[in-house]
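Using the hints, position chain D against chain F.
Chains F and D are the protein sequences, given in the same order. The opening residue of the first sequence carries number 249 in this note's numbering; numbering runs sequentially from there. The opening residue of the second sequence carries number 324 in this note's numbering; numbering runs sequentially from there.
Everything labelled a hint here was simulated from the structure, so no lab data went into it. Virtual Cβ for every residue (Gly too), placed ideally from N, Cα, C. Among the hints, a few may not be true.
Said to hold, decoys possible - Sample of chain D residues with no beta-carbon within 12 Å of chain F, all distances over it, derived: (1) VAL335; (2) GLN337; (3) ASP341; (4) SER343; (5) LYS345; (6) ASN349; (7) PRO384; (8) LYS390; (9) PRO392; (10) GLY407; (11) VAL435.
To be verified - Result set (DSS-like, lysine-lysine): computed pairs, CA atoms no more than 27 Å apart in a straight line: (12) F:LYS326 / D:LYS364; (13) D:LYS367 / F:LYS326; (14) D:LYS367 / F:LYS321; (15) D:LYS332 / D:LYS359; (16) D:LYS364 / F:LYS321.
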Amino acid sequence: AQTVTQSQPEMSVQEAETVTLSCTYDTSESDYYLFWYKQPPSRQMILVIRQEAYKQQNATENRFSVNFQKAAKSFSLKISDSQLGDAAMYFCAYRRFANAGKSTFGDGTTLTVKP
Amino acid sequence: DTAVSQTPKYLVTQMGNDKSIKCEQNLGHDTMYWYKQDSKKFLKIMFSYNNKELIINETVPNRFSPKSPDKAHLNLHINSLELGDSAVYFCASSHPGEQETQYFGPGTRLLVL
Numbered sequence: 249a250q251t252v253t254q255s256q257p258e259m260s261v262q263e264a265e266t267v268t269l270s271c272t273y274d275t276s277e278s279d280y281y282l283f284w285y286k287q288p289p290s291r292q293m294i295l296v297i298r299q300e301a302y303k304q305q306n307a308t309e310n311r312f313s314v315n316f317q318k319a320a321k322s323f324s325l326k327i328s329d330s331q332l333g334d335a336a337m338y339f340c341a342y343r344r345f346a347n348a349g350k351s352t353f354g355d356g357t358t359l360t361v362k363p
Numbered sequence: 324d325t326a327v328s329q330t331p332k333y334l335v336t337q338m339g340n341d342k343s344i345k346c347e348q349n350l351g352h353d354t355m356y357w358y359k360q361d362s363k364k365f366l367k368i369m370f371s372y373n374n375k376e377l378i379i380n381e382t383v384p385n386r387f388s389p390k391s392p393d394k395a396h397l398n399l400h401i402n403s404l405e406l407g408d409s410a411v412y413f414c415a416s417s418h419p420g421e422q423e424t425q426y427f428g429p430g431t432r433l434l435v436l
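With the rest of the complex left out, here is chain F (with noise of 0.2 Å):
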């Protein structure tokens, strides 16, 4: 079975800078998507970033960039020039390479912004 491991229950950053989430997956397939997402406290659920596994080179969405090692199963998220409505709790979730397939998310991080 799959499993997702986000090892940071809490982070903060001081505005301005940058801030790295965790994430690690164990798997025994080849080929699978990855995903950061962001929940604030309105409890929706944003996408923040995806990764497909046999892509090597890192995705990248403005001020949010991942450090995806397939070998090490790890799936960081680099936030650079974090800004207050960066805060939010972020879940890390892993899904097969196969239509319909279920998602399996970390517990989650909780980001607090400083300004």
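Below, chain D alone, put in the same frame as chain F:
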């Protein structure tokens, strides 16, 4: 336009009651899901439907019964509500053509008294 919508957003009810949560997506996706997020914010899949057919049914009490009248709707009916059912329930949808990205509804906060 709202992509994935849920009603109601808040639901407060007594133990033993039966309640339903509705979900609709206008994205044309084939697959829909129900997730439960407990008080510790842990997010767990409950059910998944693909083209109105149940494909994932995690270890969920049979008091929970999903119903998909068409592929744009997935409703969740809960019988004999218990205190432990209090949580936020999220509906989501996905399509293989979009790298399997799941789009979530706003959540329904259920409080059982």
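*For the pair supplied as a hint, LYS326 of chain F and LYS364 of chain D, confirm whether the alpha-carbon distance does not exceed 27 Å.*
22 Å, holds
*Verify that the Cβ of GLN337 of chain D lies farther than 12 Å from every Cβ atom of chain F, and report whether the claim holds or is violated.*
Fine: 24 Å to the nearest Cβ keeps GLN337 of chain D off the interface.
*Would you say PRO384 of chain D is clear of chain F, with no C-beta pair closer than or equal to 12 Å?*
PRO384 of chain D is indeed farther than 12 Å from all Cβ atoms of chain F, at 18 Å.
*Test the statement that SER343 of chain D is away from the interface with chain F: the closest C-beta pair must be farther apart than 12 Å.*
20 Å, holds
*Would ASN349 of chain D pass as off the interface with chain F, using Cβ distances and a cut of 12 Å?*
17 Å, holds
_Verify this label for me: VAL335 of chain D is non-interface relative to chain F, using a Cβ-Cβ cutoff of 12 Å._
Non-interface label on VAL335 of chain D holds, nearest chain F Cβ at 16 Å vs cutoff 12 Å.
*Distal placement of LYS345 of chain D relative to chain F, Cβ over 12 Å*: 17 Å, holds
*Is the Cβ of ASP341 of chain D more than 12 Å away from each Cβ in chain F?*
Since the minimum Cβ distance to chain F is about 24 Å, ASP341 of chain D lies beyond 12 Å and the statement holds.
*asked:* Can you confirm whether the C-alpha distance between LYS367 of chain D and LYS326 of chain F stays at or below 27 Å?
replied: 25 Å, holds
*Regarding the assertion that VAL435 of chain D does not contact chain F, is the least Cβ-Cβ distance greater than 12 Å?*
Per Cβ check, VAL435 of chain D is outside 12 Å of chain F; nearest 18 Å; holds.
*Within 27 Å, alpha carbon to alpha carbon, are LYS364 of chain D and LYS321 of chain F?*
Holds. LYS364 of chain D to LYS321 of chain F sits at ~24 Å (cutoff 27 Å).
*27 Å Cα cutoff - pair LYS332 of chain D, LYS359 of chain D*: With a Cα-Cα distance of about 14 Å, the restraint between LYS332 of chain D and LYS359 of chain D holds, given a limit of 27 Å.
The structure agrees with every numbered hint stated previously.
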